[in-house]
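First to last, the sequence lines map onto chains A and B. One point on numbering: in our numbering, the residue at position 30 of the first sequence is 30, and numbering is uninterrupted. One point on numbering: in our numbering, the residue at position 403 of the second sequence is 1403, and numbering is uninterrupted.
Rather than coming from a laboratory, the hints here were simulated on the basis of the structure. Since the model is a prediction, treat every value here as computed from it, not as a measurement. Among the clues, some could well be false.
Said to hold, decoys possible - In the EDC-like style, the derived pairs of lysine to aspartate or glutamate whose C-alpha atoms are separated by at most 16 Å in a straight line are:
id: 1; chain 1: B; residue 1: 1370; chain 2: A; residue 2: 45
id: 2; chain 1: B; residue 1: 1147; chain 2: B; residue 2: 1102
id: 3; chain 1: B; residue 1: 1154; chain 2: B; residue 2: 1102
id: 4; chain 1: B; residue 1: 1154; chain 2: B; residue 2: 1008
id: 5; chain 1: B; residue 1: 1287; chain 2: B; residue 2: 1327
id: 6; chain 1: B; residue 1: 1370; chain 2: A; residue 2: 68
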Amino acid sequence: MFESLSDPVDVLTSFVEGQMQPLRFRWKGRVVRVKNVSGQWVRREGQTLLRYFAVEGPQNDTYELCYDPRGPRWVLSRAWTGGR
Amino acid sequence: MILLVDMDAFFASVEQAHHPHLRGRPVIVCGDPSRRGVVTAASYEARPFGVRAGMPLQEARRLCPQADYVEGSPDKYVALSLQLLELYTTYTPDVEPFSVDEAFVGLGRSYTLESAAGVAREIQAEIDRRFGLPASIGVGPNKLIAKMAAGLEKPRGLTALDAEGFRTAFWPRDIQEMWGVGPKLAMRMRSLGFKTVGDLAHAPEPLLRSAFGIIGPQLRDAAWGHDDTPIIPYHKGVDAKSMGHEVTLPEDCDDSAFLEGTLMRLADQVARRLRTEGYVGRTVTLKLRNRRFETITRQRALAEPTDDRTTIFSQARALWLEHWKGDAVRLIGLSLASLDRRAQGEQEELFDQATRSKRLERALDRVRDKLGEASVVPAGSLTHRQRMGHVTFGAPSRPADRRPPPRGTSSA
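Just chain A, same shape as in the assembly (with noise of 0.2 Å):
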């Protein structure tokens, strides 16, 4: 089942050729290894660009992660660990 959180995380970020990419963050106090991004997005706040990724962690969860540049600061959206 989804969880919509609005948890701040720590996340690694690599920013390569222009492109920024989250590689692990903290949550619960464990780190989630980004195993691969399926999908980026934005949205605008006002005159703030969220920025929005899907990715997949090591054992079949997924998450969505938002860069938010006001603080900078990064927030976990949404969370599926696995049930139904």
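Chain A is fixed; fit chain B onto it per the hints.
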């Protein structure tokens, strides 16, 4: 030649692409799955169970309890829709969005049916490679044929038809498969003996004109595959005919304070969207649906066109007080029609109450432009907000003049 690119079960496919555990499973995209509402989209795996978009969630759960019910992300779908439009513009600047998941792509007269189908195949593969999404594409000499061809084979279909191919494919088909013929019109046509698209193509024109007015001969023409509607590239923009929002409530509600708060929130959203896109409107329409799914719409014309929240709300509230009989409401909607472009440089009286109100709205717009839609809401709508949060699909779209031009064109 024209292509119609139709994303297959778009919202559900996006969720399947982003969340691999959903792939190959029935997926139903909806509002908050813990609340009640309607199905926004159903994946192809859910459709054999009878689940369709627009169906109440309760019914979908009965038909397909094993499905994954996923809360939709309208912002995500709109963002991806814009990314898809940008992809199409790498092939041609003549791209016209038809809905959030469909777009016409104009390739020009030099293309044959075969070469256009080749481009369609490339676009289909590119969408799959870049987004992991399935699309069906119709190819034809005009918008009508491209649109109808796209529906022939789904998902991941590619159908190219010339006018003759169109007639071969569609003349034996039911009249309701004709683009523009809905269930009610189809019923009337059948009652006159026109059961197939071919019957319509051979119907006597005077009979069609007397039964259906001007649209009768137009549909007959369409049944021959004729259509000369031009593509309107999306960077040029299209004038809207109406703007509105509606919301299905979490539970049937007869609490007048909550319902009025909801109406105020809707009025605020409609007015904000009108101002953002530079329109004023004259006809206010209120829509109410009760627990038995009985829907009424009531409208009233304003003395002058407006984009003012208070004016729209007071008219909507008047309609509401007149037509609400106190029964529990399931859905409430508000829209403004008879739209015109707002005149530039209106004369303002310095101390006039209406002018002060306008200035206040403009100031609030600037706050929202900077900080987002949720930064300021009318206090009277808080009864709505406490229980509902924001009305989904409510954010104003980007005005045509603020969209980026297609690649290969001048921005001047």
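Quick rundown of the hints versus the structure:
| no. | hint | result |
| --- | --- | --- |
| 1 | B/1370 to A/45 | 8 Å, holds |
| 2 | B/1147 to B/1102 | 9 Å, holds |
| 3 | B/1154 to B/1102 | 14 Å, holds |
| 4 | B/1154 to B/1008 | 7 Å, holds |
| 5 | B/1287 to B/1327 | 14 Å, holds |
| 6 | B/1370 to A/68 | 14 Å, holds |
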